[in-house]
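Protein chains in written order, with this note's numbering: chain S, 1 to 310; chain X, 1 to 310.
Worth flagging that the hints you see were computed from the coordinates, not collected in a lab.
Note that the structure is predicted; figures quoted are calculated from it, not measured.
All C-beta atoms in this analysis are idealised placements derived from N, C-alpha and C, irrespective of residue type, glycine included.
Treat each hint with caution, since some may be false.
Derived contacts from chain X toward chain S, CB cut-off under 7 Å, selection only [stated by the list, open to error]:
#	residue
1	Trp276
2	Leu279
3	Ala305
Coverage of chain S stretches by chain X, computed from C-beta distances (three or more under 8 Å per stretch; other residues unrestricted) [said to hold, decoys possible]:
#	stretch
4	174 to 187
5	217 to 224
6	237 to 243
7	269 to 281
There are 2 protein chains.
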Amino acid sequence: MDYKKFIEEQVVEIKQTVGDKIAINALSGGVDSSTVTVLGHKAIGKQLKTIFVDNSLMRAGEPKRVVKIFADMGIPVELVDARKEFLSALKGLTDPEEKRQAITDTFYKKVFGRLVKKYKATYLFHGTILTDIEETVAGIKRQHNILTQLGIDTRKDFGYAVLEPLKTLRKDDVREVAKLLGIPKEISQRIPFPGPALATRIVGEVTAQRLETVRKATEIVEEELSDSGAFQYMAVLLNDYATGIRNNKREFGQIIVVRCVESVDARQASVTKLPWPKLIRLCERIVKIPGVNRCLYDLTPKPPATIEYV
Amino acid sequence: MDYKKFIEEQVVEIKQTVGDKIAINALSGGVDSSTVTVLGHKAIGKQLKTIFVDNSLMRAGEPKRVVKIFADMGIPVELVDARKEFLSALKGLTDPEEKRQAITDTFYKKVFGRLVKKYKATYLFHGTILTDIEETVAGIKRQHNILTQLGIDTRKDFGYAVLEPLKTLRKDDVREVAKLLGIPKEISQRIPFPGPALATRIVGEVTAQRLETVRKATEIVEEELSDSGAFQYMAVLLNDYATGIRNNKREFGQIIVVRCVESVDARQASVTKLPWPKLIRLCERIVKIPGVNRCLYDLTPKPPATIEYV
Numbered sequence: 001m002d003y004k005k006f007i008e009e010q011v012v013e014i015k016q017t018v019g020d021k022i023a024i025n026a027l028s029g030g031v032d033s034s035t036v037t038v039l040g041h042k043a044i045g046k047q048l049k050t051i052f053v054d055n056s057l058m059r060a061g062e063p064k065r066v067v068k069i070f071a072d073m074g075i076p077v078e079l080v081d082a083r084k085e086f087l088s089a090l091k092g093l094t095d096p097e098e099k100r101q102a103i104t105d106t107f108y109k110k111v112f113g114r115l116v117k118k119y120k121a122t123y124l125f126h127g128t129i130l131t132d133i134e135e136t137v138a139g140i141k142r143q144h145n146i147l148t149q150l151g152i153d154t155r156k157d158f159g160y161a162v163l164e165p166l167k168t169l170r171k172d173d174v175r176e177v178a179k180l181l182g183i184p185k186e187i188s189q190r191i192p193f194p195g196p197a198l199a200t201r202i203v204g205e206v207t208a209q210r211l212e213t214v215r216k217a218t219e220i221v222e223e224e225l226s227d228s229g230a231f232q233y234m235a236v237l238l239n240d241y242a243t244g245i246r247n248n249k250r251e252f253g254q255i256i257v258v259r260c261v262e263s264v265d266a267r268q269a270s271v272t273k274l275p276w277p278k279l280i281r282l283c284e285r286i287v288k289i290p291g292v293n294r295c296l297y298d299l300t301p302k303p304p305a306t307i308e309y310v
Numbered sequence: 001m002d003y004k005k006f007i008e009e010q011v012v013e014i015k016q017t018v019g020d021k022i023a024i025n026a027l028s029g030g031v032d033s034s035t036v037t038v039l040g041h042k043a044i045g046k047q048l049k050t051i052f053v054d055n056s057l058m059r060a061g062e063p064k065r066v067v068k069i070f071a072d073m074g075i076p077v078e079l080v081d082a083r084k085e086f087l088s089a090l091k092g093l094t095d096p097e098e099k100r101q102a103i104t105d106t107f108y109k110k111v112f113g114r115l116v117k118k119y120k121a122t123y124l125f126h127g128t129i130l131t132d133i134e135e136t137v138a139g140i141k142r143q144h145n146i147l148t149q150l151g152i153d154t155r156k157d158f159g160y161a162v163l164e165p166l167k168t169l170r171k172d173d174v175r176e177v178a179k180l181l182g183i184p185k186e187i188s189q190r191i192p193f194p195g196p197a198l199a200t201r202i203v204g205e206v207t208a209q210r211l212e213t214v215r216k217a218t219e220i221v222e223e224e225l226s227d228s229g230a231f232q233y234m235a236v237l238l239n240d241y242a243t244g245i246r247n248n249k250r251e252f253g254q255i256i257v258v259r260c261v262e263s264v265d266a267r268q269a270s271v272t273k274l275p276w277p278k279l280i281r282l283c284e285r286i287v288k289i290p291g292v293n294r295c296l297y298d299l300t301p302k303p304p305a306t307i308e309y310v
């Protein structure tokens with residue numbers, strides 16, 4: 001694939017489509033939304049308003065870190081604090097579909113609705129890639145970011161039209177395009193971290209406290225595995241409790257699963273055969289998180305498992 | 001420790017205590033209750049009635065297999081089918097303590113109560129070992145088989161007195177005694193399999209269907225790990241579900257945890273560093289069990305985890 005040509009064509013197409021209107025996009029800091037952001041700014045400059053929504057489901061320090069990376073590239077990003085809105089929408093929900101739906105609705109209908117009105121935006125850029133479309137069509141995944149594929153009339157329901165400039169690319173293509181666009185390696189080579197973020201790393205209810213637990217575990221897993229060369233790695237907080245002993249007393253503790261996989265494009269995946277000293281160290285650090293007393297390593301390939309748990 | 005002398009002393013003490021009365025004991029097929037059975041029969045012969053209660057929580061084929069091993073040693077064992085009573089007592093229970101209590105009560109108050117009356121037994125032999133006592137006193141474990149340690153007056157509550165001839169031994173001592181008593185290696189060298197059996201391998205409600213799932217996983221884990229040299233290995237069924245894909249459709253599947261540990265006496269334990277081909281093979285076989293789509297390996301030492309989950 002000729003990535004340089006792809007970029008040139010997309011820039012022309014975006015310019016023609018948007019014309020003199022205003023477009024808006026949400027940046028998560030993942031490689032897909034980052035690539036869309038830079039591509040969009042290359043095409044229409046300040047006509048594209050880029051927003052980073054802090055939905056409380058982010059990794060530690062993520063919002064400020066991402067805004068700074070784009071500021072350094074000369075692209076202004078507006079940071080919107082919507083943490084309370086998301087936590088309130090997620091309260092009491094345990095079903096994975098209901099959790100995803102609550103995040104989608106809060107994001108589009110509430111937070112983005114306000115911003116679209118504020119900026120009088122007509123177009124919304126989305127980082128949808130080919131694998132998202134295939135998995136959604138196949139019924140494997142309910143992607144939150146490809147409304148049109150799900151038959152939703154976005155103009156009518158949300159008040160804007162959706163543009164998906166990456167929808168013909170797979171993950172490895174996106175990384176190449178990102179590199180050509182001058183996006184720093186810490187984003188272009190970054191492991192996937194889907195939109196609902198830490199909410200997809202929690203089995204059961206998403207609360208501020210449980211987010212804090214999985215956020216700490218995520219930090220440990222990312223520190224320990226960033227040099228593993230794996231396709232994706234994550235920490236998942238289960239809803240189950242298991243028995244343990246602390247200070248010679250019986251207790252019930254929470255369970256963290258470490259998931260680390262090899263994959264080319266997320267369609268299939270297999271467990272990374274991490275060396276034993278690394279597994280032991282991960283476990284030692286994770287069971288120091290308050291309330292956690294088990295650390296498990298997920299051995300399952302995709303299929304029959306998915307990479308995520310929720 | 002002089003194991004030969006230990007056996008001689010226990011035989012004399014048991015004879016003196018029981019006199020011309022009838023004693024009864026429950027055999028689970030584990031090394032502790034097997035050793036008590038042979039020791040008791042050596043001391044008082046047919047005055048000891050040995051019962052194997054099928055509580056529905058056993059491994060595949062276990063009841064018949066154990067009865068045959070003892071028949072081959074010339075020790076008659078009565079097989080009692082109490083599966084329905086146990087399943088009915090466990091129905092709807094998810095709290096680990098409540099599950100253990102239901103098993104204890106069904107075992108002692110119901111099933112054993114009947115047998116004690118039937119045989120007019122005055123004494124009950126128990127396979128309690130030193131680690132059980134220590135952990136119960138420390139509040140780490142609620143052992144089902146050491147009522148006296150918990151301050152229960154067994155004569156009053158259950159109608160018989162409890163004798164615990166192994167209560168000064170640790171697991172490795174028991175194995176030596178078992179060997180000296182001529183107990184076959186498949187029992188004396190057997191990995192621990194505590195009384196509540198598969199019920200301690202199920203997080204959440206114990207039902208006939210969930211027992212069937214964990215029984216299949218247990219069979220696979222024991223086949224694959226019997227030559228691992230590990231102290232104990234098991235399969236645990238979690239209550240949580242995780243997403244998966246089967247035939248290109250999204251599904252929710254059950255999660256099996258494989259636990260395999262190194263230990264001397266169960267007071268402390270560490271994960272067995274199984275070779276990767278073995279881990280992969282375990283996972284491949286386990287995700288073929290109907291309804292299961294994840295296989296995790298537990299990395300956690302004891303402490304802070306216990307060996308069991310429930």
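Right, here's what the structure says about each hint:
1. Trp276: Hint on Trp276 (chain X): holds, closest Cβ of chain S at ~5 Å, below 7 Å.
2. Leu279: holds (6 Å)
3. Ala305: OK, holds: Ala305 (chain X) within 7 Å of chain S, min 5 Å.
4. 174 to 187: violated (count 0)
5. 217 to 224: Coverage by chain X is violated for the stretch 217 to 224 of chain S (0 residues, Cβ < 8 Å).
6. 237 to 243: holds (count 6)
7. 269 to 281: holds (count 5)
When each numbered hint is compared with the structure, violations occur for hints 4 and 5.
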